[in-house]
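Got two chains here, each in a separate frame; can you build the complex from them with the hints?
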Amino acid sequence: MNPPSTPTAARAEPGVTGTAAARDAGDARRARCLMLLAGLGVAALALSALGLAAGSAGLSWSALQQDLADGHAAALIGQLRAPRTLGALLVGALLGLAGAIAQGVFRNPLADPFLLGSAAGASLAVVAVIAASALAGQAIAPAAAAWAERLGLVGAAYLGALGGVGLTLLLARGAHQTLRLLLAGVVVGVLLGALAELLTLLSPDALRARQAFQLGSTALLGWPAVALLALGLALALPLALRSARVLDALTLGEDSAASLGLHLPRWRLALVALLALCTALAVAQAGLVAFVGLVAPHLVRRLAPSAHGYLLGASALAGGVLLLAADVLARSVVAPQELPVGIVTAVLGGGYLLWLLGRGGLR
Amino acid sequence: MNPGPAHHLEARDLHAGYGARRVLHGVSARFGRGWAAIVGANGTGKTTLLRALAGLLPPSAGEVRLDGVALAQMSARARGLRIAWLAQLGEVSGELTVRETVALGRLPQLGPFGSPGPADDAAVAAALQAAGCAGWAERPLLELSGGERQRALLARALATGAPVLLLDEPTAHLDPPQQVTLVRLLRRLAATHTVVTVMHDLPLALAADRVLLLDAGGLRADAPAADPALHAAIAACFGGAVHIGWRDGRAAVEPVL
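The listed protein sequences correspond, in order, to chains A and B.
Its first residue numbered 1, the first sequence is counted upward by one per residue in our numbering.
Its first residue numbered 1, the second sequence is counted upward by one per residue in our numbering.
Don't take every hint at face value.
[Unchecked claim] Partner residues aside, some chain A positions facing chain B, computed with beta carbon under 10 Å: (1) G26; (2) R29; (3) A63; (4) L64; (5) D67; (6) D205; (7) R210; (8) R245; (9) L250; (10) G253; (11) E254; (12) A257; (13) A258; (14) G261; (15) S306; (16) H308.
[To be verified] Chain B regions said to be covered by chain A (calculated; three or more residues, Cβ under 8 Å): (17) 137-145; (18) 153-163; (19) 233-243.
[Stated by the list, open to error] Looking from chain B toward chain A, a few residues come up when the C-beta cut is under 10 Å (computed): (20) A54; (21) L56; (22) L57; (23) A76; (24) A78; (25) L81; (26) A84; (27) L86; (28) E91; (29) Q109; (30) G111; (31) D168; (32) A252; (33) V253; (34) V256.
If you are wondering where the hints come from, they were derived from the structure by calculation, not from laboratory data.
Every residue, glycine too, gets a C-beta built ideally from N, C-alpha and C.
If we strip away everything but chain B, and leave its shape as in the complex, we get (with noise of 0.2 Å):
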C-alpha cells in the first residue's frame, strides 16, 4: 500500500487550561507518521493535550502547527479534513444506529449539506469492516455496550479518511480480546497515519512506537516504548506502584502490591 506523504502535527511550548486553571505548562512535541501514546498519571493533562493538538481547546499560549501551518488559521472543515478525534465514552445521546453514526465521519468531505455518494458509502463500509461492527451497524448506539459503542466511535473516527487520528482512551471499555484487536488495527494505522492516543492501560500503551509521559502538566519523557529510562521515569511517575520490565521485546508491567 502507497503510505501517502506523512503528515506532522506539532505543539509549540503549548500552555493550555480551563478558565483560571492553567493545565499544560509549556508542552512541545512533534508527531509524524506511526503510533504516539501519551501516559501519566489521572489530571496530569493527557486529554486537554490530545484537545489542544486537534484544535478543540485553544491553548492560552504556544501554537499547534499541522504540517507548518498553525491550527488556529486553518477553518473547522480543513481541520475536519485532516485531524480525526475520538473522545472518550459517556458524551452520546440520541437514537442513531452505527451506520448513521460512522456516516457522520464524512462530514468534513460532504459539508453539512452534501449528499453521500457510492465512494462515501464505500468508505463507511471499509471503517466499519476495520472496527470490526459491521455486523451490527443497524442497531442504535445507545443499545450497545460499552466496547462496542466504543468500536464503532472508532469506525467513525476511521470514516473520516483523515491522516492524523487523535484517539482519547481508545482501548477504554473492551475487553482483553479486544484490547489486542485495537491494538494490532493502530499498529498497521501507523503505517500510513500519524496516529496519537492517550491511554491509561501501561502494556497497551508501552505496544506503541512512542510514549510521552506528562506529569502535572509538563512533559517528562519522550522516548521509545522500548527506552529503560523511559520505564524508570513512568515508575517514578506512578510513585513506584509498577515495575516495568522488556523482556521479548515487549513490555513486562507488574504493580508493585
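This is chain A alone, in the form it adopts within the complex (with noise of 0.2 Å):
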C-alpha cells in the first residue's frame, strides 16, 4: 500500500533552492562519514606498523634497526608484535562495536558493553579458575576444580561473560523490558562481583590474577586468539549491520518502533545475544579493557553523525584504533616497563568523556 499521494502542505513548501540546500547537507553528511572512515584506516594502517616496530626499548629507531640486524625480526615481529597488534584492533573492534549495540538498544549514550553482567561473569569465572586448585577438597569438590584447570582462563572468562548475560536475562525474565533488563544487569555485577571478592579473601592467590584481568591486557594475543577474535568479529558484524534499522527505529521509542512492525522483545533479546558474543570474545583474551566500548560510538558520532548501518561498522573500527593506540602507548611511554593497556584506555577514555561532557556534547 502507498502513503497518501495527493496531500500536499497548504503552506509554500521549500522550492528549488530549500531541495538543492537539502542535497547539500546530505552530501556534506556523506562526506564526513567517508573522511572519518579513511582517516581511520590510516590511523589504523600508520599504528599497525607502529606496533610492529615497538619493542621492550619502546618507539626506538635504533632499537628497531638492531632487531632487524639480529636476524630475530621474523620470530619477534611474526610470533609476538603481529598478532599482538592484530589482536589489540581485533579487540578493540569486538568491543566498539558491542558498544554501539549497547547504546543503540538502550537508547542511551552511557550505555556500556559491560553493563549486562558480561565484566563481572568474567572476572568471577576468572577468580575461581585460579582458587580452584587451593579450594580443591574445601570449599568446591576436586571433580570441579580439575574440570575448571582444564577449562583454563580464557575459556573460564568466556563463559562466565556469557554466564553473566544469561543471569541477567533469566533475572529480568528475558528482554521485554530495557529498564528490568538494565536493573538486572546492575544486581547481577553486585552479586558476581561480591562472590569474586569471597573467593579471592578465601583464596588470596586469586587477587593478582584478578587484578590483572581487570586491568586488561593485550600482552598474551597469539595467533590462535587472532584467529578467534576475527571469526568472532566476522560473525558478528554482519549480522550487526542487518540489525541497523531496527537499531535506527528504536530511536524514534519503543512504541514507534512496535508501530513498525518490530517485534521488539525479540529483537532486544537477539541484539543482547550479539553483544554477549562480541564482549565474551574480548574480555576472554584481553580482559576488562575500560572505556574502549563506551568510548568508540561517541567518537563516531561526533565527528560523523549517522545511522547505524554506518555507525556499526565505523565504531568497530574506532574500537579497534583506539585499542591499538592505548597499546603503543602501553609499551612504549614506561619503556622497557609495560604499563596495563586497561589504564591507558582509562585515562585516555575518561578524560575524553570529561572534556566531550564539558562542551555538552555528549548526547
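Below is the structure:
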C-alpha cells in the first residue's frame, strides 16, 4: 500500500533552493562519514606499523634496526608483535561494535558493553579457576576444581561473560523491558562481584590474577587468539549491520519502533545475544579493557553523525584504532616497563568523555 | 481518487492500564473512514486508549478488532502494515536525518532486512511533500525545532501507507499556520483513511468529523463535532472553564475567565 499521494502542504513548500540545500547537506554528511572512515583506516595502518616496531625499548628506531640486524625479526615480529597488534585491533573492534549495539538497544549514550553482567561474570570465572586448586576439597569438589583447571582462564572468562549475561536475562525474565534488563544487569554485577571478592578472600592467590584481568592486557595475544577474534568479528559485524534498521527504529522510541512491525522483545534478545558474543570474545582474550566500548561510538557520532548502518561499522573500526593506540602507548611510555593497557584506555577514554561533557557534546 | 475499501477499528469494552493502575474502564467505540478526535482533561486515558487501539498496550479486558480480526491475533508486521502510529514528542534520540527517519516508515513493507526500491523512495518523497518537510529532508531530526520535528514524524507515519492513522497530539509544538495546515491535511486524509487523533486543543479537535470525550477512563460522549450536547458535555468535563459555541459551521471555544 502506498502513502497518501494527493495531500500537499498548504503552506509554501520550499522550492528548488531548499531542495538543493537539502541535497548539499546530505552530500556534506556523506563526505564526513567517508572522511572519518578513511582517517580511521589510515590511523589503523599507521598504528599497526608502530605496533610492529615497538619492542621492549619502546618506540626506538635504533632498537628496531638492531632487531632487524640480529636476524630475530621474523620470530620477534611474526610471533609476538604481529599477533599482539592485530589482536588489539580486533579486541577493540569487538568492544566498539558491542558499545554501539548497547547504546542503540538501551537508547542511552552511557550504555557500556559490560553493562549486562559480562564483566562481572568473566571476572568471577577467572578468579574461580585460579582459586579452584587452592580450594579443592574444601569449598569446592575436587572434580569441579579439575574441570575448571582444564577449562583454562580464557575459556572460563568466555563462559563467565556469557553466563553473566544469561543470568541477567534470567532475572529480567527475558528482554521484554529495557529498564528491567538494566536493573538486572546492575544486580548481577554486584552479586557476582561480591562472590569474586569472597573467593579472593578464601584464596589470596587469585587476587593478583583478578587484578591483572580487570586492568586488561594485550600482551598474551597469539595467533590462535587472533584467529578466534577475527572469526567472531566476521560473524558479528554482518549480523549487527543486518540489525541496523531495527536500532534506527529504536531511536524513535519503543512504541514507534513496535508500531513499525518489529517484535521488540525478540529483537532485543537477539541484539543482547550479539552484544554478549562480542564482549565475551573480547574480555576472554584481553580482560576488562575499560572505556573503549563506551568511547568509540561517541567518537564516531561526534565526528560523523549517521544512521546505525554506518555507526556500527565505524565504531568497530574506531574501537580497534583506540585500543591499538593505547597498546602502543602502553608499550612505549615507560619502556622497558609496560603499563596495563586498561589503565591507558581508562585515562584516554575518561579524559575524552570529561572533555565531551564539558562541551555539552554527550548525546 | 479511489478511496479504496474502508477499514474499521473497533474497541469492545476495553479495559487497560499500567500495572495495578487501571486507566480505561470499559470503552467501546468504532472507527471507520473519517477523522475522529479524542479529547478530555489531562490523565483521563486518551493516550492509553490510542496505544491500546494501536496494539501497543495489551488490554487487561475487552479487545480491539481491525476489520473484524482481533489485534492480539495479528503479527506485529501485519499490524504495522495496517496501522500507523505517531507518538508524542520527546522520545526521539539518535542522529538520523529527516529522510532516514521517514524512510523507517517503510519498515512494515520491507521488513528489517529488505532493501528499499523505487516505490519506497517514491512513498518517502510523497510523505515528505505531504508533511511539508521536503526542504529539510537531509537535516538531522534532533536539530529541528519541535514543530518541524513533529511534521517529520508525521511524514514517517504517512510513509507507512497504512490505512489507519493513530496520531497522539499531532498539532503539539506547531505554530498556528502549521496547525491550520495540519488540520487541512487531516481532513484530506480522512477522505481515504481512518484517522484517530488525541488532541488537547479544543478548537482544532472540533474541526474533526467526530469527537469522543473521555472522562476518568470512560467514554462520556461520542458525537459529531457540531452536536450541542457534545459541547455541553465537554464544558461540564472541563469544569465550566470553557464555553463552546457553533457559528458558521465552526466551533467557537472561549475560556471562561
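Going by Cβ atoms only, is L64(A) closer than 10 Å to chain B?
Violated. Min distance 42 Å.
With 10 Å as the cut and Cβ atoms as the points, is A258(A) at the interface with chain B?
6 Å, holds
Have a go at the A54(B) hint: is there a Cβ in chain A nearer than 10 Å to its own Cβ?
6 Å, holds
Would the stated hint for L56(B) survive a check requiring a Cβ distance to chain A of less than 10 Å?
5 Å, holds
Counting residues of the region 153-163 of chain B with a beta carbon closer than 8 Å to any beta carbon of chain A, are there 3 or more?
n = 8 at 8 Å, threshold three: holds.
So is the region 233-243 of chain B in contact with chain A by the C-beta rule, three or more residues under 8 Å, or is the coverage claim wrong?
violated (count 0)
Can G26(A) be said to touch chain B, with a Cβ gap under 10 Å?
4 Å, holds
Does the region 137-145 of chain B contain three or more residues whose Cβ lies closer than 8 Å to a Cβ of chain A?
n = 5 at 8 Å, threshold three: holds.
Given V256(B) was flagged as interface, is its beta-carbon under 10 Å from a beta-carbon of chain A?
32 Å, violated
Any CB of chain A closer than 10 Å to the CB of D168(B)?
9 Å, holds
For the restraint on R210(A), tell me whether the closest CB of chain B is nearer than 10 Å.
36 Å, violated
For the hint on R245(A), just tell me whether its beta-carbon gets within less than 10 Å of chain B.
5 Å, holds
Consistency note: the structure conflicts with the earlier hints numbered 3, 4, 5, 6, 7, 19, 32, 33, 34.
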